[in-house]
Each structure stands twice: as structure tokens, then as C-alpha cells.
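Asks: As a plain string of letters, each chain reads:
There are 2 protein chains.
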Amino acid sequence: MLPLLGFRIYINVGGMDKLVCPCFVGEGVFLEEGMEKIKETLKRIESIPRRLYVDARRHLDRLSIPRRSLGRLEDIAQRYAVIKGLKVSPVKKKVIFTFAGDHGVVEEGVSAFPREVTQQMVINFLCGGAGVNVLARHIGAEVVVIDIGVGYDFEPQQGLVIDKVGYGTGNIVRGPAMTYEEGVKSINIGIDLMNKWGEKGVDIVGTGDMGIGNTTPSSAILAVLSGREIEDVTGRGTGIDDEGLKRKISTIRKALDINKPNRDDPIDVLSKVGGYEIGGIAGLIIGAAANKIPVVVDGFISCAGALIALRLEPKIKEYIFTSHISVESGHKVFFDIIGDKPLLDLDMRLGEGTGAALGITLIEAGVKIFLEMATFEDAGVTEGRY
Amino acid sequence: MLPLLGFRIYINVGGMDKLVCPCFVGEGVFLEEGMEKIKETLKRIESIPRRLYVDARRHLDRLSIPRRSLGRLEDIAQRYAVIKGLKVSPVKKKVIFTFAGDHGVVEEGVSAFPREVTQQMVINFLCGGAGVNVLARHIGAEVVVIDIGVGYDFEPQQGLVIDKVGYGTGNIVRGPAMTYEEGVKSINIGIDLMNKWGEKGVDIVGTGDMGIGNTTPSSAILAVLSGREIEDVTGRGTGIDDEGLKRKISTIRKALDINKPNRDDPIDVLSKVGGYEIGGIAGLIIGAAANKIPVVVDGFISCAGALIALRLEPKIKEYIFTSHISVESGHKVFFDIIGDKPLLDLDMRLGEGTGAALGITLIEAGVKIFLEMATFEDAGVTEGRY
Numbered sequence: 195m196l197p198l199l200g201f202r203i204y205i206n207v208g209g210m211d212k213l214v215c216p217c218f219v220g221e222g223v224f225l226e227e228g229m230e231k232i233k234e235t236l237k238r239i240e241s242i243p244r245r246l247y248v249d250a251r252r253h254l255d256r257l258s259i260p261r262r263s264l265g266r267l268e269d270i271a272q273r274y275a276v277i278k279g280l281k282v283s284p285v286k287k288k289v290i291f292t293f294a295g296d297h298g299v300v301e302e303g304v305s306a307f308p309r310e311v312t313q314q315m316v317i318n319f320l321c322g323g324a325g326v327n328v329l330a331r332h333i334g335a336e337v338v339v340i341d342i343g344v345g346y347d348f349e350p351q352q353g354l355v356i357d358k359v360g361y362g363t364g365n366i367v368r369g370p371a372m373t374y375e376e377g378v379k380s381i382n383i384g385i386d387l388m389n390k391w392g393e394k395g396v397d398i399v400g401t402g403d404m405g406i407g408n409t410t411p412s413s414a415i416l417a418v419l420s421g422r423e424i425e426d427v428t429g430r431g432t433g434i435d436d437e438g439l440k441r442k443i444s445t446i447r448k449a450l451d452i453n454k455p456n457r458d459d460p461i462d463v464l465s466k467v468g469g470y471e472i473g474g475i476a477g478l479i480i481g482a483a484a485n486k487i488p489v490v491v492d493g494f495i496s497c498a499g500a501l502i503a504l505r506l507e508p509k510i511k512e513y514i515f516t517s518h519i520s521v522e523s524g525h526k527v528f529f530d531i532i533g534d535k536p537l538l539d540l541d542m543r544l545g546e547g548t549g550a551a552l553g554i555t556l557i558e559a560g561v562k563i564f565l566e567m568a569t570f571e572d573a574g575v576t577e578g579r580y
Numbered sequence: 195m196l197p198l199l200g201f202r203i204y205i206n207v208g209g210m211d212k213l214v215c216p217c218f219v220g221e222g223v224f225l226e227e228g229m230e231k232i233k234e235t236l237k238r239i240e241s242i243p244r245r246l247y248v249d250a251r252r253h254l255d256r257l258s259i260p261r262r263s264l265g266r267l268e269d270i271a272q273r274y275a276v277i278k279g280l281k282v283s284p285v286k287k288k289v290i291f292t293f294a295g296d297h298g299v300v301e302e303g304v305s306a307f308p309r310e311v312t313q314q315m316v317i318n319f320l321c322g323g324a325g326v327n328v329l330a331r332h333i334g335a336e337v338v339v340i341d342i343g344v345g346y347d348f349e350p351q352q353g354l355v356i357d358k359v360g361y362g363t364g365n366i367v368r369g370p371a372m373t374y375e376e377g378v379k380s381i382n383i384g385i386d387l388m389n390k391w392g393e394k395g396v397d398i399v400g401t402g403d404m405g406i407g408n409t410t411p412s413s414a415i416l417a418v419l420s421g422r423e424i425e426d427v428t429g430r431g432t433g434i435d436d437e438g439l440k441r442k443i444s445t446i447r448k449a450l451d452i453n454k455p456n457r458d459d460p461i462d463v464l465s466k467v468g469g470y471e472i473g474g475i476a477g478l479i480i481g482a483a484a485n486k487i488p489v490v491v492d493g494f495i496s497c498a499g500a501l502i503a504l505r506l507e508p509k510i511k512e513y514i515f516t517s518h519i520s521v522e523s524g525h526k527v528f529f530d531i532i533g534d535k536p537l538l539d540l541d542m543r544l545g546e547g548t549g550a551a552l553g554i555t556l557i558e559a560g561v562k563i564f565l566e567m568a569t570f571e572d573a574g575v576t577e578g579r580y
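Chains Z and L, in that order, give the protein sequences. Under our numbering, the final residue of the first sequence carries the number 580; numbering is consecutive throughout. Under our numbering, the final residue of the second sequence carries the number 580; numbering is consecutive throughout.
These are computed hints drawn from the structure, not numbers from a lab. Every residue gets a Cβ at the ideal spot worked out from N, C-alpha and C, and that includes glycine. Hints are supplied without guarantee of correctness; some may be wrong.
What the hints assert, rightly or not - In the DSS-like style, the derived pairs of lysine-lysine whose C-alpha atoms are separated by at most 27 angstroms in a straight line are:
1. K358/Z x K390/Z
2. K526/Z x K526/L
3. K287/L x K287/Z
4. K535/L x K281/L
5. K526/L x K535/Z
6. K535/L x K535/Z
7. K287/Z x K486/L
8. K486/L x K562/L
9. K562/Z x K286/L
To be verified - Partial chain L-side listing against chain Z, Cβ under 10 angstroms, derived:
10. Q272
11. R273
12. S305
13. M315
14. L329
15. K454
16. N456
17. R457
18. D458
19. S520
20. S523
Claimed, not checked - Non-contacting residues of chain Z with respect to chain L, defined by C-beta distances greater than 12 angstroms in every case (computed):
21. K278
22. G279
23. E310
24. V328
25. I452
Assemble the whole structure, with the sequences as input and the hints as a guide.
Replies: Structure follows, in C-alpha cells:
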């Protein structure tokens, strides 16, 4: 860390001059580099040509079923095919990336669980006994856990990436969750991870999260980016009671009053009221879109990350699949504003990547329909009159 | 076939004297035997003791996740566990039974496909190129096709059970789809199949159907058993246009006027306006419940079969899982009247067992959560305050 100097440093972010605060000289340089990488990655994201959608649809319409009778399973297949530039091969390598981070806001009593559960659950993931491990095994996926900001030092081990931005965010009722630079860094961790895995070869990825207290920053992000009332986007998380819910809503209100996040700058929102794992997820989604890898978004926390990514580059929408809608009340708002429909609605609210896992197996089913089904011609089946 | 004699034979069915018509002497005897078998099977179906539900729930509440945070995946796991008497083992042997039959009503122009597509699709199933084959392979299930009444003679082959009730039903606008005895026989084919597979050992089964024109009898059955307007339960099937939909509704109206099915006797309804494959599915579901084997109900046609089974014995509800809701408008009515919620809502309307296949993989996921997850104690994770 360079010594603190009294300069104010402005960085151009999304066309706006952005004050870096607190303003270390070194940080300004890192921030500029970090922003440059995000911008370059966003620039690599391309709209998928319409003709690919048409060609994929044409193939699906030849399959020996009444036209479009597999409904959204066909839509999934079509979207997967176009992301792959119609070079569709079986879905083999599947990875769920579960980002873990701690949250200073837990001290406000916004969660039914104590903060140390984040680190305990990371260990549970690494032992293979958590929900996401079970469901990932079920669908033949690997789980990679990223310690992006847990308040604990884990031993290096198989399945764990240690890339800390910090040891837990700041309490957002007292100040920002993190500096702008840390927000940029958390996003770049996701991007770097996806670039690395893109090179190694991965067919599809899923997002996941672990962080006691993280529905609070997710609701805060959603409130700012959607412009909706805090009450409309705030739910019970892991299961707080009525009193806890009231406290959570007032905590978010205080956090927004104190931090005044700029809704036109998603990274400012992430930094002021977000979380490290949410930034990591946003980065993973950006990196997946840049590398043309389909990315399956898990539950409410992942959707907060997805919303940041989508606000930075709306084209990302063509590369994401939303796996499920949870009982967390803000989740519906997310679907309303992005105009999407989840694959599943099973009243789940666990996170970790559990919804992404179930989503991936449905997408794989759709891809198999695309690849393995006989056409009317192959099967000698008479076509219908429509 | 015995020669026709002029007797009228009454059989006591569900407390009512039932006229067998047309009345062959031999048929009366077969009918009595057939009814006896159905009644005996229905008697074997037991309500699952409440304490099993409580014990299964207790186990799920110990898992290292916020209580009930896997939502309906936990409910699935609980229901699977209680059906198995809490002796839960991994879901290994999975079979989808696809019943195929033809329908005389096709000559009224109620389908977008010609009748011969039923037989063509059976061959497609046996070659492994149809939608249900692809999705069954995806979930590791076997597909067994039952020719219960296709208007074609297939060569005996692997994966095909030939057990014909007839070569297609009668045109329901001109008379009954089949005799009461044939209705009983079709149900018993499903029961026998399930008894046989129950002995061989199967962990879970799914239903499926193939029969050009079979949304028409399914809607007719639903109209009678739900008491709802024909318009409310009739959709576009494989994809007929507005004109075709009007014709289909008026066809069902004529069929109900002519046949006057007795809504208090589900077998009468099946016989007068149903189909062989619908009876087979009803029988399979009855047999599954009697053998305590979880059965996953596919789409709209399977739900018509399920409704017949449920009206014969409401306890069956504890043994069935409804896989998905289709775009067929009557499907919603089915869920309304049985008070259930489908696992999936993907705008599918193919049948064959495709929805059942996707449902089975979600159930298997739930069972794995039940079996493989670490408890709070195992994982050393602190429990929440609720």
C-alpha cells in the first residue's frame, strides 16, 4: 500500500469523472488499470447476429415434434446454440463458481445467522456436504469456491480460489461497503476467472454466492438500480422474523441515505452498498459474455450481480440464463425490470449456486433435444398442417 | 370372442348397477374379473402415516441450510421419502411408460396431424429418436412403449409391450370410445404392468402418451369430471388453428350429448369419451400407488388419466408428482381441482413422457439432498435463530 497523499484523483468511468475516495496515489493507478480491463472486456461483448437465431430455429422446427411443442426447452436450446455460434456440441464441462464474502452490515442484526457461518459454509463446500455440492454432483458439474472476501484465512486447497479483496465489507450504515477501487477489483476477479476458465475450456458456467447478510446489499443494489421502494425489494433472507425484516429495511434506508449511491454508475452502487461476492459474480457474468460462454444466474444475490453487469452492458442479456425465482420478494422485481422469466419456481432461497445447478440440467436437456432428436424426415413421420 | 347373446348383464361398480353394453356373455364374466382386480388394487392403496411426514421433515430440518430454504425441492424429498416408508435409497431404476393408442375421433378433423403419425411415432420411440428418448437418456431412465391400441401391427421388439385393447377407439361423436369392459381392460393393463415392474424393482416411474387426437378425449374427460365448461378445458393440442379449435369444442359437445357419461363413474367416463392409453395411464398410476412406487405424471393427457385414478381412489394423491403444466388450457383446471402445483412451467405440450422425464430429475435432485447433505452438526455450522 502506498502512503496516503492529499490528491484528489478523478477517473473517467462511463463518460463521467469519478472521484476516487479515499484517495491513495497508488490506488488511482490500480483503479485506472482495473477500469481499463473492465472496459475492454465490455467492448468484447457482441450482439449475436439475428441470422443465427433464425438458423437455430429452423433446425428446431424440423424435429419430429409438433412445432414449438417443447416450448421454453426449445428456446433454451436456441439461445445456447446461438451463443456457441451454432457450433453446438454436448454440454460436457460445467462449472459453478461460488463466490464467498463477509458483510460488515451483519452487525446491524439483518441476518438469522451469525457472520462466522460464511467461513463454516466455505469449509462445508470444500468437504462436499453443502446443497450446491449435492446438486452439482447430480448434474455432473464442478464447484469452484472463490474466497473473495471472507473474514478468515483458509488453507489453500483443491476447489478453493483465494483472491481476497478484503476481510469483509464495511458496515454500509456507517459508510461505503468498499472503495470504488475495491469494487473494480472484485469485478475483475470474476472477469479474470472467466478468462482463465474460458481458455481451459468450459461449456457452461453457473454463478453462486455465500455471504451471511448478503440479501441486504443485494436488496440495496436492486432498490437503487430499479428505483423501486426498499420495501418492495427486501425479503426475509435466511429467515428473519417481522422485527428483523423491519430492521433490515431501515438498515437499507440508512445505508442509501449515508452513501448516496449514483444509480447511473453501477460500480458506484456496488462499492457503496454492495459486496465483494456480488462484484465477483458481476465480473464472472461479464467475462462469460465476453468469452461467449453461456452463464446461468442463480438466485437473488446472483441477480444483483447480474443487474450490475447488465447495466454496464445490456448485450450481456443474450448470454445469461436465469435459473429460478426465489421467495425473496425482490427477486420478482429483478425479473420485471429485465423482462425475463426464470426456468424454475420452486420456492428456493438458498443461493450457493443451487438454482444454477438445476437450471444447467434443464439447459443441457434442451441442448440434447437440439443435438439428438430425429427430424420428421429422419424418422419418416408425416408433418402436421399448421 | 364369444357369440353375442341377447342378455343384459349388470355389474356392480362402485355401488351402482352398471349395464354392460354391448352385452356379450363372455364379456360380462371378463368384466367382473377385471373390476374385481381394479377394486382389489384400489383397496391396497394406503394413506401414508402422518408420523412418517414428521420424521422426514425432522431430518430435512437438520440439514446445513436455512430452514426450508430449498423450498419445494425439500417437499419433493419428503414426499418421496414417506412413499418409501423412510427407507430412502438412491433413485436408480427409473422407467417412463409411454402408452400409445389411436382415436376414432380424428376423422372429425380435431388434430393437426393425421392418424398414422401415432404408429410412426411409436417406431420413432423404438429407434430412440423422439423427444422422450432424448430426455429419458438425459436423466438415465428407460422408456417402455405400450401399444395399448394403435391401429397397426408392430413387430415384437425390445422396449415394446404389445397389449392391445383394440385398433383405435370408436369415434366419440357417433357412440362410445370403447365398451365398459374395454375401459376396465385398459386400466388393468396399466395395473398389471406396474405390478410386474414393481416385482422386478423400480424406484420411480413416469407416465407418457402417444395418440394423435388424444387431447380431445382428455378435454372431454376433464369437462365431465370437473364440471367445467368445454371451452375452459379445450386447447389447441398439437397446434390446430381457430377454426380447428371451434370444431374440437363442438366435437366434444356432441360426444358428451350422445354418450352421456356418468360423472360419478370415472370408468364410464373413460369408456364413453376417453382413450385406451388414458386408461392405461390411469391403471399405471393406480398400480404405482398400490405398490408404493412414486409416479410422475406427465402432461395434459396423463393428467386426464390421473384424474380418473384419483376419482377412483383419492389416496392416490400421496403417491403422485405432477411434473409440469402445459400450454393446453385445460391443464390449469386439472391443477385447480386437485389442488396441486406442477414442478415445471416451460410451455411444453408434447406429451410422450417428456415432462415426466424432467420432473424425475428434479425429484432425484431432492432425494439426493435428503441423502447426501451434511447436517449442521456434521458440518460444524452454527444454526440460525428463527
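Asks: A separate judgement is required for each hint: does it hold in the structure or not?
Replies: Against the structure, the hints come out as follows:
no., hint, verdict
1, K358/Z x K390/Z, "holds (17 angstroms)"
2, K526/Z x K526/L, "holds (22 angstroms)"
3, K287/L x K287/Z, "holds (26 angstroms)"
4, K535/L x K281/L, "holds (26 angstroms)"
5, K526/L x K535/Z, "holds (19 angstroms)"
6, K535/L x K535/Z, "holds (18 angstroms)"
7, K287/Z x K486/L, "violated (37 angstroms)"
8, K486/L x K562/L, "holds (19 angstroms)"
9, K562/Z x K286/L, "holds (21 angstroms)"
10, Q272, "violated (13 angstroms)"
11, R273, "violated (14 angstroms)"
12, S305, "holds (8 angstroms)"
13, M315, "holds (6 angstroms)"
14, L329, "holds (6 angstroms)"
15, K454, "violated (32 angstroms)"
16, N456, "violated (33 angstroms)"
17, R457, "violated (30 angstroms)"
18, D458, "violated (34 angstroms)"
19, S520, "holds (8 angstroms)"
20, S523, "violated (14 angstroms)"
21, K278, "holds (18 angstroms)"
22, G279, "holds (23 angstroms)"
23, E310, "violated (6 angstroms)"
24, V328, "violated (5 angstroms)"
25, I452, "holds (27 angstroms)"
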